[in-house]
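A.B. asks: Just add 739 to the spot in the sequence shown (first one is 1) and you have the numbering used here.
Worth flagging that the hints you see were computed from the coordinates, not collected in a lab. For every residue, glycine included, the Cβ atom is placed at its ideal position computed from N, Cα and C. One or more hints might be untrue.
In silico DSS-like pairs for lysine-lysine, Cα to Cα no more than 27 Å straight-line [said to hold, decoys possible]:
hint : residue 1 : residue 2
1    : K778      : K1052
2    : K952      : K816
3    : K917      : K855
4    : K875      : K855
5    : K952      : K778
6    : K1088     : K1143
7    : K816      : K871
8    : K871      : K806
9    : K763      : K816
10   : K957      : K854
11   : K1052     : K1088
12   : K763      : K923
13   : K1052     : K1143
14   : K1007     : K1052
15   : K952      : K875
16   : K1143     : K1007
17   : K816      : K854
18   : K875      : K854
19   : K778      : K917
20   : K875      : K806
21   : K773      : K816
22   : K806      : K773
23   : K816      : K857
24   : K1088     : K778
25   : K816      : K778
26   : K1037     : K778
27   : K923      : K871
28   : K763      : K806
29   : K957      : K1143
30   : K806      : K952
31   : K1143     : K952
32   : K1052     : K773
33   : K917      : K806
34   : K990      : K871
Simulated restraints, written as ranges between beta carbons of each label pair [unchecked claim]:
hint : residue 1 : residue 2 : range
35   : D889      : A1050     : 41 to 51 Å
36   : R995      : E839      : 40 to 50 Å
37   : L793      : P755      : 25 to 35 Å
38   : E880      : P755      : 11 to 21 Å
39   : A783      : D889      : 52 to 62 Å
40   : I887      : H1003     : 18 to 28 Å
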Amino acid sequence: MHTDPRDISIADYDYPLPDSRIAKFPLAERDQSKLLIYKGGEIAESQFFHLPELLPEGAMLLFNNTKVIHARLFFRKPTGSVIEIFCLEPYQQPVAEAFEERQHCTWLCFIGNNKKWKEGALSSEFNIQTTKYQIKASRREAVGNAWIVDFEWTGGISFAEVIEYAGVIPLPPYLNRKAEESDKVRYQTVYAHYEGSVAAPTAGLHFTDSLLKELNAKGFSTEYITLHVGAGTFKPVSSDTIGEHEMHVEKVQISRQNIVNIIHQFGKPIIPVGTTTVRTLESIYWLGVKLQSNPNPKAMHILQWDPYELANKEIDAGQAYRNVLDWMDHQGIEHLDGDTQLLIAPGYKYHVISGLITNFHQPRSTLLLLVSALIGDDWRRCYRYALDNGFRFLSYGDSCLFLKQ
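Take the sequences, apply the hints, and build the full model.
C.D. replies: Okay, structure coming up:
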């Protein structure tokens, strides 16, 4: 039974989170974090490295292999003022193409200290080993609360290298600290591959290479899909009800082979690692639903209210995924690139997933709504247990394994 979440009051998804409970730094070993297990209404506690013994038999794990970019670029004006340019996403260009550019590219960016940037281009120097390079930034017009910024640089290197060496990794604002050298490694998953995120898919930070090998040795299958996490993931719900909240849009990439493998897995447990992976899998389902009535859309574009407005058009998950596969084959594409604004909130019916591995989320966040859509009001019991039993919260904190009833 679908209920429309537009009337949900975000105040019902608040809880007290003292700053002292937010993990400011990661643990020395990724897989030593605590793990809260919720299954059949029961709450238990373990450690992350025990995951292979805790997963349902025959489960498939799905990971988001996006890579966090060094999105923060700093420019010092001759007057001494520092302007920060925070790269959000390429402007009207696929992410991979923008990173391959060798002279100039255009991005949508936040600008810190914008009032001090009166006119003209900003420039900054950076080194790669012993070679000096220069990058220039020119501001165009504003788009919402972001700006279109043109970059050009010397030396014929790729923009991926520019941002790697000139930029700083963007830690979540609630950590209230500067990025350190160790964050370059620890604020990435060990399987991060495709550059494009401005925030890590943090549920994946607990996995080590040896744990992944153990999961495969024990017969669990693993799939890697890509959703580039936008700055909107930190956007609190500022409206009283969810109906007034505009969900952020994120870019999704999934391969034809992923879809084939997921179709083979239907009927057995599918456990996504992280909320971004959940949104990807469920978004592909809704694309399949839309293909029933419009078999030839130009691109994948899932709107935040689609599930609630298309509820009477629901189909079997296998059928939805087969629709997507047929559409990709018809288009002659091996990788599906699209975007999703999907909002998952209580009242949402999951079609693909059997559970979820995730971290503890901020109060009044859409991520908490997504968890509640899976386990109902028991999210309160889980979070209360975690607060009472020394769990660490948010990006560098501990994790949960939620299994659907």
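A.B. asks: Each of the hints needs a verdict: does it hold here or not?
C.D. replies: Taking the hints in turn, this is what the structure says about them:
| no. | hint | in the structure |
| --- | --- | --- |
| 1 | K778 / K1052 | violated, 30 Å |
| 2 | K952 / K816 | violated, 49 Å |
| 3 | K917 / K855 | holds, 22 Å |
| 4 | K875 / K855 | holds, 17 Å |
| 5 | K952 / K778 | holds, 25 Å |
| 6 | K1088 / K1143 | holds, 12 Å |
| 7 | K816 / K871 | holds, 19 Å |
| 8 | K871 / K806 | holds, 26 Å |
| 9 | K763 / K816 | violated, 31 Å |
| 10 | K957 / K854 | violated, 57 Å |
| 11 | K1052 / K1088 | holds, 13 Å |
| 12 | K763 / K923 | holds, 15 Å |
| 13 | K1052 / K1143 | holds, 23 Å |
| 14 | K1007 / K1052 | holds, 24 Å |
| 15 | K952 / K875 | violated, 44 Å |
| 16 | K1143 / K1007 | holds, 13 Å |
| 17 | K816 / K854 | holds, 12 Å |
| 18 | K875 / K854 | holds, 18 Å |
| 19 | K778 / K917 | violated, 38 Å |
| 20 | K875 / K806 | holds, 24 Å |
| 21 | K773 / K816 | violated, 46 Å |
| 22 | K806 / K773 | holds, 24 Å |
| 23 | K816 / K857 | holds, 10 Å |
| 24 | K1088 / K778 | holds, 18 Å |
| 25 | K816 / K778 | violated, 56 Å |
| 26 | K1037 / K778 | violated, 41 Å |
| 27 | K923 / K871 | holds, 22 Å |
| 28 | K763 / K806 | holds, 21 Å |
| 29 | K957 / K1143 | holds, 22 Å |
| 30 | K806 / K952 | holds, 21 Å |
| 31 | K1143 / K952 | holds, 26 Å |
| 32 | K1052 / K773 | violated, 41 Å |
| 33 | K917 / K806 | holds, 19 Å |
| 34 | K990 / K871 | violated, 33 Å |
| 35 | D889 / A1050: 41 to 51 Å | holds, 44 Å |
| 36 | R995 / E839: 40 to 50 Å | violated, 23 Å |
| 37 | L793 / P755: 25 to 35 Å | holds, 29 Å |
| 38 | E880 / P755: 11 to 21 Å | violated, 42 Å |
| 39 | A783 / D889: 52 to 62 Å | holds, 53 Å |
| 40 | I887 / H1003: 18 to 28 Å | violated, 43 Å |
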